[in-house]
Structure formats: structure tokens, C-alpha cells
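K.L.:
Sequence:
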Amino acid sequence: MFTENYNAEKIEKEIHDFWDENKIFEFKFNDKRPIFSIDTPPPTISGMIHVGHAMSYSQAEFIARYKRMRGFNVFYPMGFDDNGLPTERYVENVRNIRAVNLPRDEFIKICLEETRKGEEEFKEIWKLLGISVDWNLTYSTIDDFCRKISQFSFIDLYEKGRVYRAESPITWCPNSQCKTAVAQAELEDFKRITKLNYIKFKLENNEEIVIATTRPELLPACVGIFVNPNDKRYKKLIGRYAFVPIFGQKVKIMEDELVDPNFGTGIVMVCTFGDSTDIEWWKKYNLETKIVIDESGKLNDLAGKYSGLTIEEARKEITEDLKKEGKLIEQKDIEQTLNVHERCGTPIEYLISKQWWIKISDLKEKWLELGNQIKWYPASMKNRYDTWVNGLNTDWCISRQRYYGIPFPVWYCKKCGKIIIADKKDLPIDPFYQKPKKSCSCGYNDFEPEKSVMDTWATSAITPLINSKWTEKENLVDLIYPMSLRPQGHDIIRTWAFYTIAKCWLHTGKIPWNSIMVNGHGLDPHGKKMSKSKGNIVEVKEIIKKYSADALRYWAASAKLGNDLPFKEQDVARGQKIIIKLWNAAKLISNSIENYKPNRKIELKSIDKWLFLKLNKVINKATEEYEKYEYSDATAYVENFFWHDFCDNYLEIVKQRIYNGNDEAVKYTLYYSFLSILKLFAPILAHITEKLYQKLYSGKEKEISIHISNWPEEFEFFDESIERNGDLAIEIISFIRKWKHDRKIALNAELNKIIIDCNFEQREGLKEFLDDIKTATKAKEISFGYVRDNELPSGIKIDIS
RNA sequence: GGGCCGGUGGUCUAGUGGCAUGACGUCACCUUGACGCGGUGAAGGUCGAGAGUUCAAAUCUCUCCCGGCCCACCA
1 MFTENYNAEK IEKEIHDFWD ENKIFEFKFN DKRPIFSIDT PPPTISGMIH VGHAMSYSQA
61 EFIARYKRMR GFNVFYPMGF DDNGLPTERY VENVRNIRAV NLPRDEFIKI CLEETRKGEE
121 EFKEIWKLLG ISVDWNLTYS TIDDFCRKIS QFSFIDLYEK GRVYRAESPI TWCPNSQCKT
181 AVAQAELEDF KRITKLNYIK FKLENNEEIV IATTRPELLP ACVGIFVNPN DKRYKKLIGR
241 YAFVPIFGQK VKIMEDELVD PNFGTGIVMV CTFGDSTDIE WWKKYNLETK IVIDESGKLN
301 DLAGKYSGLT IEEARKEITE DLKKEGKLIE QKDIEQTLNV HERCGTPIEY LISKQWWIKI
361 SDLKEKWLEL GNQIKWYPAS MKNRYDTWVN GLNTDWCISR QRYYGIPFPV WYCKKCGKII
421 IADKKDLPID PFYQKPKKSC SCGYNDFEPE KSVMDTWATS AITPLINSKW TEKENLVDLI
481 YPMSLRPQGH DIIRTWAFYT IAKCWLHTGK IPWNSIMVNG HGLDPHGKKM SKSKGNIVEV
541 KEIIKKYSAD ALRYWAASAK LGNDLPFKEQ DVARGQKIII KLWNAAKLIS NSIENYKPNR
601 KIELKSIDKW LFLKLNKVIN KATEEYEKYE YSDATAYVEN FFWHDFCDNY LEIVKQRIYN
661 GNDEAVKYTL YYSFLSILKL FAPILAHITE KLYQKLYSGK EKEISIHISN WPEEFEFFDE
721 SIERNGDLAI EIISFIRKWK HDRKIALNAE LNKIIIDCNF EQREGLKEFL DDIKTATKAK
781 EISFGYVRDN ELPSGIKIDI S
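Residues in the first sequence are numbered from 1 upward in steps of one, following my numbering.
Worth flagging that the hints you see were computed from the coordinates, not collected in a lab. There may be inaccurate statements among the hints.
Stated by the list, open to error - List time: in silico SDA-like cross-link candidates among lysine to any residue, alpha-carbon distance up to 25 Å: (1) K587 / F18; (2) K529 / E188; (3) K298 / Y412; (4) K577 / Y697; (5) K545 / D524; (6) K366 / K529; (7) K202 / E325; (8) K581 / R494; (9) K160 / Q373; (10) K179 / T337; (11) K359 / P378; (12) K628 / R384; (13) K738 / N640; (14) K127 / G489; (15) K252 / L196; (16) K451 / E325; (17) K123 / G489.
Everything numeric in this text was worked out from a predicted model, so none of it was measured.
Generate the whole structure from the sequences, applying the supplied hints.
P.N.:
Here's what the structure looks like:
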């Protein structure tokens, strides 16, 4: 018997130490059990770990624990995504430095220092939360092995003809902290109100046409004018020439179906480049190239007196000047959707530059087919993948003009310009500080290193191969690839999920994982994303300290898979109540279990069988839900069974038998039913179930930890009529409770006599439960007989006195 | 403009054809030998709107409205 209260902070700490010491979560390399491998998301080191992170990682963690109990050898690694733009931005802010002002190697060193710190912080919090990863399997995307495998991957795709270098228009972020090429997947939509400017262009014969544009600052880059071929108003213009105001260049008027006659004046100017239609026309009609915006979003010499101005400044001044010249005849407010960089919200520009690309846009059908080979949970999330693939219109630009990332294993010959690719056996290399091992084929021996680094997604897209130690002699590819499960958020389906499927298939010809579970986000109480700048971050540590890790995990388990979940402290408090309830139930039954070890078949009473019948159903349902990764529905079933069937009804009914101390049937029932309850709760309430397992079952059950014990299976099947009859008994007990309540009598007040009036079948069934009704209602006497009133839904009538 | 997800008592939520689930909150009663962080009850919903299919619709179909997300070349 134990009497102490539950001290979550102390006990959770003890349990963590126990798990560590006994290596409970270690992946066993030589083991016959089937493997369940998880492609854990490597979090970006961003300096703020909030309950939203805790939620998504907990949800994958529930599945890891469930699978472990199902007898799988679980491969559950942890990674850290600690390079690339987000990390640079983080480090620049934390240290208040700017990468551009520092030597490259010094900046990289600082980044490494800062990310180490961030990783320690993550590790500490994940341990507090009880995330059951095997920390021996940790990787970081900037470590030697990841640099090697990432460069290897690049060379492999280069050799396969999937990687190419090309000078072409590219989406570019001109933000002073970015100044890099970005990929289609990194763009977001942004709606804003802007001015549509109606501008007069002169024709050769001094006639005038009016063109509507939102970007007058691009006038110096204007290389053509288009009208719709079916637009009768402008048919006569086709093939003639116009002069761009202020800048004076002469441009041809052409026709194209893409022009919407109803937008603006129905006449469009093409600039290199204002948007993707410009690029399309530029390619299709082989137009001149006039780039007027530079890498930092300023106008260059082509803009004449406007040179050096930012886009916004130039727009303002050029508009002013047009107005002065009488060329601007109208300005209208319109709503405009434009592409912005997802990291900083800056409108992207199109520049021409030389970048490295992975060819993906020609294989849309393949990507869709691979998507079909993977099981999506919840199934509807596959739509997002399909939509994205269908909308793909460019290849994947993987070079970034940044500092802290994985370098390309590439040099260029300074004489003939030939591309020199490093030898696979020399990886990882940094072309900035290392040279090719032999001269160029042209005989020259001086090289220019590729200065760009790779898009972080290019590395994180091969996490299944990183986990498999692909490229190493002693690898796990046959063992764990394709991996069993990819858990990840819905916001990165177009990036992480898609790129992983694409790259891994290009390398191996196989899908990267058999299933993907897509989790929602933990939001602030008002349903908004948590972010430092909004000041609405709820910190993991605080909540764990106030409630407990188990209570926070319970909150995480309350969201259906894929749904976003606003953080409500009352939900965590609800988890706390269940934990306390479990502890107190254990207190009550500890006497019966502590010195008891079932070793033979016992004749059970009907109410005991009733409990097992209910339990069987819960085990079935919970298992079914877990197989679909629906931990939340599973938990709801378990919770309902534990709280109501087990505590409110069964325990109340058998209390006297517990106190008697020598009822073998009740001991047997409590031993196994409570063990099952603990196991069913174990994936969610990982700590308290472990503690109670050790307190009550240690030395009796085979495994030292509940988390490696077997998932509960159905008990012996009893005649289903017992469940029905037991339910009738509960119905009668409830009625008597209400009867007492209506008379403001205490529930434990004694009754003189209960008379039950029912049909023959009910009477036969209830006979087995009369004692239970008697003790639960404190009736001195109970009998069958004729009753006039008090009819229950089942038709039974009760007389109470 | 297209797609996906959602709209259920004050708040949140389960529920894909058959009397609307639970939590939190509210109110009342019960100081029951595990738990008052408890027990027992009560009040509270025309299940976003409309139409249709059906003996029967929160659930299926259509239209519309609202919210969120994803996608799209409208200058």
C-alpha cells in the first residue's frame, strides 16, 4: 500500500534516468524482430522551442512507443537541421553580426558554436518531454557525414544527368539579409493593394496608346508590347512600334493569346523581368534582355538618372516624372497577389543568373505515381502533394548565394571555364579551401571555387539516406530503407515531403518511406501561429514545470492527426487530472496487487467478467485507431473506459471485496485490467504509467519497463450476455444513485430494501449481479417482486425504501 | 479563379443514414474508509443557410455564406 501523493517533477526525472541507464530506447542492430523506422524531422535551430514543437514531436513519439510495444525494433533517430538561411539569420540576430562583414570561415565557426548551443537546448527539452529517440542515432545536417552524403548525392545526380548548371531567370530575394536565389517552393502568396498606372506610349506616327502597369519602375527594362490577337480595338497596332516614355527605347507591338483584353487597357508591356509571363514571352519571342534591377533590389545604370534607387523609390520618382510630362493619365487601386519569400516576406524579383538546378519538372507523372505508393495519414493530405506536383513549372534551383551551408564540390577552370567535379572518394570537400587534385584537361591549374552553397532542403531531402548511412561500407540501407514512417507538418509537404520523394527516388529507384503522417500545428490560444515577434510563445519548460510532461503530452494527444490545435491551458489541466486519477486508483488497488502474482486460473464473478468484456472492446478499438496513427481517438476510448467503467462503476462495486483482502477473483481482475489500462495509456502518459508499472508489477511481469512490454491483447472471451446483464445492473445502480440524489441523501447512506420488477430473462441475467447491486447501493435487502412505478429505459421497475 | 479542411449547447470537441458524444465552464446536491484535482445530477444545441434524395439526414447530393490552409502567369 502506498499513500504518498504523485510528485510529477521528481518522478519524471527518475524515470528519465531509468530509461537512460537501461537503454530502453536503443535500437538493436542485431535483432530478429521486425524494424519500425522513423524519419524524424530535424528541427531548425531557431532559438525558440514552444508547445507547438512539443505537440508535433509528441505525436510522432506516441507512434514510436506504440510500435515498440507491438514488438518492433524501433529505429527512432534525432537530427538537427543546422545550416542554411534560417540558421544564418538566427545566428546573425543572436550575435548581432552580419555574415557579409566577416571572413567566411569565421562566420561558419560562429554558426557551429551557436547551433551546438541550440541543439543542447533542444535535447534537454526533448528529454524533459520524454521523447523516446535513440540519441546514439543523432545527426546534424552540417556534420562531416551529412556534408559528405549531400555532396555525394549532388555528384550522383550530376552523373545521372539530373543536375545541371544554367544561366536563366531565377526567383531572387533582394532582401539585404537574403540576397540569394530561392526556389519555387519557398515562395508565398501575398495580397496587397497597389496602384495600376495608366501610361501613354507614343507610336512612330505620334499617335498614343495607353498601357496599364503596376510596375512603372520597370519602364527601362521594357522590351516589347503585347495585345490579344482577338482584340478588335488593337488589331491595327500589331507589328508597329512604340516608344517607351522617359527612356525612349523603341519596342515592337506583338500579339499573344495570354493577354487579357479586359485587364487594364488590354495592352501589356513586357519587361525583363516583372513576372513569370514576361519570362514566358521573353523565351517564346526571343526578346531582348534588359535587366534593370540588381541583386540587392536597386536599379542599375540602365535606369539612367534613377540608378541606385530602390524599387519603391524609383517607382515613386518615375511616377512623379510621368505625371509632370503628362504621360500618366490615371492611377487606380487594385488588389494584387504577388510572390514573396517565405522567410522574410520580401517580394521576389526575377534576375538572370547562373545557378545549379535539379531537373524535376519533366517527371510529374512519376512523382504522382510515387505519391500513390505511399500511405498518407490522414489521407486528405495527399491532395496537397498532388496539387503541388501538378503546379510544378520550374526545376529545382539548389544553389544559394549564402555562407553557411554545404558547399558544392565544384570548381571552374579559370582558363577554359570547364566544370571540375570533385572525386567521390575525397568527400566532404570545401572548394573554397581545397583544390582539385589534378590540372584541368586544358592543362591549366588555376581554379575558381563555386561560392554558392546548397539549399538546405537538398540535404534534408535525403534524411532517409542519411539515417541509412548510405554511401558507407557498413550501412543500414537493406535494414531500414525504405523507412516505415515519415512524420512531418502539413506546411512542408511541398518542400520536405516532395523533395525527399523526388531525390530519394532518383538515387535509389524506391520510395523513401512506406507511410507519412502529417501533423497539424500547435497554435496560441487564439488560433494564431506562435512567434517570438508576436510575443505569444508558450514555452515548453514552463508548462512542464507547472503541470508535468505527461500532462503536456496529453494535450498534444487531444488533437486529431493533421488538425491544428490552439493551446488551452485547461486541456493540460485535464491531463493533470487524469494523471492524478490514475495515481489514486492505483493507491486504492495497490493492496490487492502489490503482493499478488496470478499463477493459476481463477473462477471470476460476473462483474469481473463484465469488466473484461468492456476492456476487450477498448483494447480492440484503441489498437485499431493506433494502427491508423489516430492516437487521439485511441486515447479517448481508453480514458472513457478507465474513468467511467473502471473507476466510477467497477471500483465502486468491488470496493468491499478489495477491503476484505482475500478475494482472489478481484485481485486477478484488478491485476490484469489495471495492467492493461497502464499499457493503453503508456504511449501518451509515458512517465506515470512507467512509475506505476514498476511500483505494482515489478518482478512479476517479464519486462523491466512498460515501454518494452507487450501491447495488451484481448482477454479470455466470456459470454456476451454477461456484458448486457452487467449493463442492466449498472442501470439499476445509477437509478438508485439518482433516487438518493433527488432526496438529498448521501450516496453511501444505507437502504432498507430494493425490489426489482422485470421480465424472466432479465431476472435470470440479474441474479449474478444482485450482490454487486447490494453493496454498491448499501441496501440491506434486495429481491424480485411486483412494482408499480419507477420504470427504467430497459423496462425494469424499482421500488426503493 | 481552382482545390482541400472545417463551421455541432457559453467555449472547445466526437460523431459519414436511425433517439446528438465528451470536456471545460455554470448551477444543485453529497465533507462516501483512492481521489473535493472527487462523486451524483441538472440546465444549455432549429448540428452555418437553403433546396433535394430517403420511411429516416449532423451524416448523402446540389447551391450559397463564413473561417483556415494550399495552389494558380493576370501585366
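K.L.:
None of the hints should be skipped; say for each whether it holds.
P.N.:
The hints, checked one at a time:
Distance hint between K587 and F18 is fulfilled; the C-alpha atoms sit about 22 Å from each other, no more than 25 Å. At roughly 16 Å between alpha-carbon atoms, K529 and E188 fall within 25 Å of each other, so this suggested pair holds. Taking the CA atoms of K298 and Y412, the gap is about 29 Å. The hint is violated against a cut of 25 Å. With a C-alpha separation of about 23 Å, the suggested pair K577 and Y697 falls inside the 25 Å cut-off, and the hint holds.
Proximity of K545 to D524 is assessed by CA-CA distance (about 19 Å); at most 25 Å being required, the pair is judged to hold. For the hint pairing K366 with K529, the CA-to-CA distance comes to about 34 Å; that exceeds 25 Å, so the pair is violated. Taking the CA atoms of K202 and E325, the gap is about 13 Å. The hint holds against a cut of 25 Å. This hinted pair does not check out: K581 and R494 have alpha carbons roughly 43 Å apart, beyond 25 Å.
A threshold of 25 Å between alpha carbons decides the hint, and for K160 with Q373 the separation of about 24 Å falls inside it, so the pair holds. Of the pairs offered as hints, the one joining K179 and T337 holds, with about 22 Å between alpha carbons and a cut-off of 25 Å not exceeded. For the hint pairing K359 with P378, the CA-to-CA distance comes to about 30 Å; that exceeds 25 Å, so the pair is violated. With a CA separation close to 20 Å, the supplied pair K628 and R384 stays within the 25 Å bound.
Distance hint between K738 and N640 is fulfilled; the C-alpha atoms sit about 21 Å from each other, no more than 25 Å. Between the alpha carbons of K127 and G489 the distance comes to roughly 21 Å, so the proposed pair stays at or under 25 Å and holds. Restraint check for K252 and L196: satisfied, since their Cα atoms lie roughly 22 Å apart, inside the 25 Å limit. Pair hint K451 plus E325 does not hold up; C-alpha atoms about 46 Å apart against a cutoff of 25 Å.
For a cut-off of 25 Å, the pair hint linking K123 to G489 stands: about 20 Å separates their Cα positions.
Of the numbered hints given earlier, the model fails hints 3, 6, 8, 11, 16; all others are met.
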